[in-house]
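A.B. asks: Sequence:
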Amino acid sequence: MGMSVTRTVLIFSAVSSLAYLALVESRQVHLGLIVPYSIYKDRDYTKMVSKSIFELRKAGSKLFAFRPNDQIHRIMMKILGTLCDNFAQNNVSAIVFMTNNELFGRSTASSQYFLQLTAFLGIPVITWAADNAGLEIRSHEDLQVHLAPSIDHQAEAMLALLRRYQWKQFSILTSNIAGHEDFIQSVRDKILPSRNPLQIENVVKVTMREDLFELKKSDSRIVLLYCTRTEGLEILQWAGELGLTGKHHVWIVTQSVIADPNDLAPGFPPGMLGVSFDTSLEYLIEQIPIALKVFSRAMDALLANSKGWQDSPGLSCNLPDLPDQDGSGTYKHYGRLLHKYMLNVTLPENEGRGPLRFHHNGELTDVTLRIMNARMNGLWEEVGIWKSNRNGDGLDIQDIVWPENSLVPPEGVPERFHLTIGFLPEPPFIHVTPPDPITNKCHVDRGVVCTIHNATRNEPIVQCCSGFCIDLLEKLSDDLQFEYNLVQGTDNRWGVLENGTWNGLMASLVEKKVDMVLTSLKVNSDREAAVDFTVPFMETGTSIVVAKRTGIISPTAFLEPFDAASWLLVGMVAVQLSAIAIYSFECVSPKETPPPSKSFNMSDLTLYKTYWLVWALLCKTPVHITSPCTFSARFMGSVWALFAVVFLAIYTANLAAFMISREEWDTYTGIQDPKLSNPMSVKPPLRFGTVPWTYTEHALAVHFPSMHSHMKQFNTFDAASGIDRVKKGQLDAFIYDGTVLNHMVAEDEECKLLTVGSWFAMTSYAVALPKNSKHYMSFNREIIEYKENGDLERLRRFWFTRSCNPMDDENKSTEPLAPEQFLSSFFLLFSGILLSFLILILELVGLSDYLPWNFHFWIDWQTRKDRPKSDKEKAHDAPKSKKLQHLLCQSRKCNLGKLHLQIELGNKRSHIARLAKRLEILEGMK
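When you line the sequence shown up against UniProt numbering, it's residues 1 to 926, in that order.
Hints may be right or wrong, so weigh each one.
Stated by the list, open to error - Taking lysine-lysine and the DSS-like style, the derived pairs with C-alpha atoms no more than 30 Å apart in a straight line are:
#1 K513 to K216
#2 K247 to K205
#3 K675 to K727
#4 K683 to K727
#5 K752 to K712
#6 K475 to K168
#7 K771 to K168
#8 K216 to K774
#9 K216 to K190
#10 K475 to K787
#11 K675 to K548
#12 K512 to K216
#13 K340 to K387
#14 K787 to K168
#15 K787 to K216
#16 K190 to K205
#17 K205 to K771
#18 K728 to K752
#19 K247 to K217
#20 K190 to K247
#21 K728 to K675
#22 K217 to K787
#23 K908 to K898
#24 K548 to K712
#25 K774 to K513
To be verified - Computed beta-carbon distance windows for the label pairs:
#26 D399 to D526: 53 to 61 Å
#27 E539 to A653: 44 to 52 Å
#28 A653 to P437: 50 to 58 Å
#29 K217 to K728: 46 to 54 Å
Source of the hints: derived by calculation from the structure; they are not laboratory data. All C-beta atoms, glycine included, are put in the ideal place defined by N, C-alpha and C.
Work out the full structure, taking the sequences as your base and the hints as a guide.
C.D. replies: Here you go:
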């Protein structure tokens, strides 16, 4: 099919455009092209399109045989109808949208509207726009690919300049230009993951001259400006009038401010920097072949890999989700598919300008921006380039003309300024020590020089200050580049509102006698209304400190190694059970072991003597006891003796811990404790106080007026005096700031102090500055950074490390032993009872004679084994069950007597045998 071209016009406000439609010979594939309207450039457009088509066909592309399209309406209100009646009805597969307009007015809004409609219809768009920020409204349905550098690229290049010259702090200025919020967010996103952290001091939207006062107040030296060229000239004029464009200030602007760098701009102060790219109409025309290549490559890949593409996908504004002929989805499915192939397009040569690739969000991956420098003649001169894919910061910079023809770049921070800082000493926040006696200077271990008010001489003296707040002040001084002198408050008061007038440090701040207060000054609502506090650097509350005292030994200390349940278990269970078991075994067992004496006496063990035996064994008392005669009873007695040994060992080991003096102290649940709220209810009345003219006293006066009235007579000059009076017993308790009290308790060498109860009136410490101080923002920002990076926590750990923890002794105090802590001894006792009961059973059934441990059987067997047997005895050794039955006695005493006689008879027979053997030996000698 031959090619013919008809010019069609689309009007966006004051901007006109030209549109084309393309198709494929075998399949209708349409492409919409929108370019800036120009009577003089129409021929150039046509020539460039024709040339591009020829080159694509020569390269083997199957696309692009053109036919004319109807005229598109010129009225902005007809944008929706135009898109639906022309592009939609012709079923365009994609749209190429190009504009170099930088007026950023109604045209931007109309462009946004048009592109949002294309996203709604699912039409991919290839854009090249100088007005890129206004066109970068992202959504999950966005189907754009961008051929021009985005606002993200410009923000990244501007931040690269900051890092190159080590400008860590900067402010952002914008107007109401389209996309200004996107620019601010882009800068914020890019400084968060940075290894070299940058800080945004201020974000100001400028619509009038007064808006720049906030910038002047922050004392910022580096400014990123994003607005139109006209707005930029006006803003910079106002900035010059306020002294914000001098030698120490650097302004870095975007492409929208520079616009055409060849145009004279005498209003721009020399030394400005900017990022720019070519936005001329000639350069725009050169982008048409690139756009067509992207579409051609994507469509070729789509047609080659997607068999489901239809000739007429059925695009409609009324039915945007109309199913396709194969029922596979909606038209938007094809738009997303084509957009996916566009993102995968790569043009290695890109007309000699390097490779062309896209991120997943449609932006270019390889971008080159020019670094521009405003010169004295009002022109912009290129002094370098920035490349997005270059290692490092991506910059290649030549000589730059700095403001006021300076040979070196500005430092980017305000000149060192001086502050007078008020304080009151309070360890560990601020320690005051005398200077070195030899050099009369403050060395590193002594801190920094500070001025202390001498009340006796009514003149200031020089001392050395150190502590948590001094280290914090030194870090602030290094980071914010200021010098200072420390001055103690003259009346040694923290500051409360008295009869409508502030006193102490608060009065110094309100009257602006000092520029800042950095000490343990606590925040409350009254103080916040009078001065400005930064974010807190530490939390605190009101606490109570008491002194430990040595107590007397309890009269019942000997009972404390075991608790009541343990004593009852031993006395009422173990003793009773053991005594009853021994006596029962003695009475029931049929076997008795006679005593070794020659004269045999029957056992006379009674229940009373059994209890005496049990208690004597338990207490290891050296008294006369009656031993049981039966084996089972004796075994049970041995088990009880072993239990007594274990029990006494445990008792003795723990008794020493309870027979020492204990430390005691008064316990209070907190400030709300009834004993403190009503001190007269205790006899004698409680004595407690605090430091007057402090946050603690003010809180007590508001919430506990009766307590406050009682404690006035016991108030002390400072916290150290109150602690000393508590240790001497002159006060029962001292109420003050919990953080300070915890530190003083930890520093007490004798460990005689203890904080008790919960904290009351929680508050915090913060840096205080006069109202509307120009330094507030910078100090507040630094405190926030210190909290986030852990600097405050490291200082806190260093200065608030506890050297004496009185709670350790309390946690390690000896507790009474519960029954479960010595169950093993009871297990031994009960096991012995069961074993003795088993032996008793064996004795009752008559089997004990055959047991190896039976003493009677053992003696009888040894006796018969040692003597020779006569013939009579051998005759008697015949089966003797009947004889044994005949010899059995019917009573226990009879059996014992008979056994004794048998043993004695055996001994005599052994003696006779030995005499007979000796007689034989004598006869043989003859």
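A.B. asks: Within 30 Å, alpha carbon to alpha carbon, are K217 and K787?
C.D. replies: holds (24 Å)
A.B. asks: Starting from K771, check that the Cα of K168 is at most 30 Å away, please.
C.D. replies: holds (27 Å)
A.B. asks: Quick one, are K340 and K387 close enough, alpha carbons at most 30 Å?
C.D. replies: holds (26 Å)
A.B. asks: Is the hinted pair K787 and K168 satisfied, with a Cα-Cα distance of at most 30 Å?
C.D. replies: holds (18 Å)
A.B. asks: Could one say that the CB atoms of A653 and P437 fall in the range 50 to 58 Å?
C.D. replies: With a Cβ separation near 55 Å, A653 and P437 satisfy 50 to 58 Å, so the hint holds.
A.B. asks: Measure nothing beyond the straight line between the CA atoms of K513 and K216; if it is 30 Å or shorter, mark the hint as holding.
C.D. replies: Within the cut-off at roughly 23 Å; holds.
A.B. asks: Regarding the pair K216 and K774, is the alpha-carbon distance no greater than 30 Å?
C.D. replies: Holds - the C-alpha atoms of K774 and K216 are around 9 Å apart, at most 30 Å.
A.B. asks: The hint says 44 to 52 Å between E539 and A653; measuring C-beta to C-beta, is that right?
C.D. replies: holds (45 Å)
A.B. asks: Verify the CB-CB distance for D399 and D526 against the hinted window 53 to 61 Å.
C.D. replies: holds (58 Å)
A.B. asks: Hinted pair, alpha-carbon criterion (30 Å max): K216, K190. Please report holds or violated.
C.D. replies: holds (25 Å)
A.B. asks: Within a Cα-Cα threshold of 30 Å, do K908 and K898 meet the stated pairing?
C.D. replies: holds (15 Å)
A.B. asks: Run the distance test for K247 versus K217: straight-line Cα separation, threshold 30 Å.
C.D. replies: Distance ~18 Å between K247 and K217 Cα, so the pair holds.
Checked against the numbered hints above, the structure breaks none of them.
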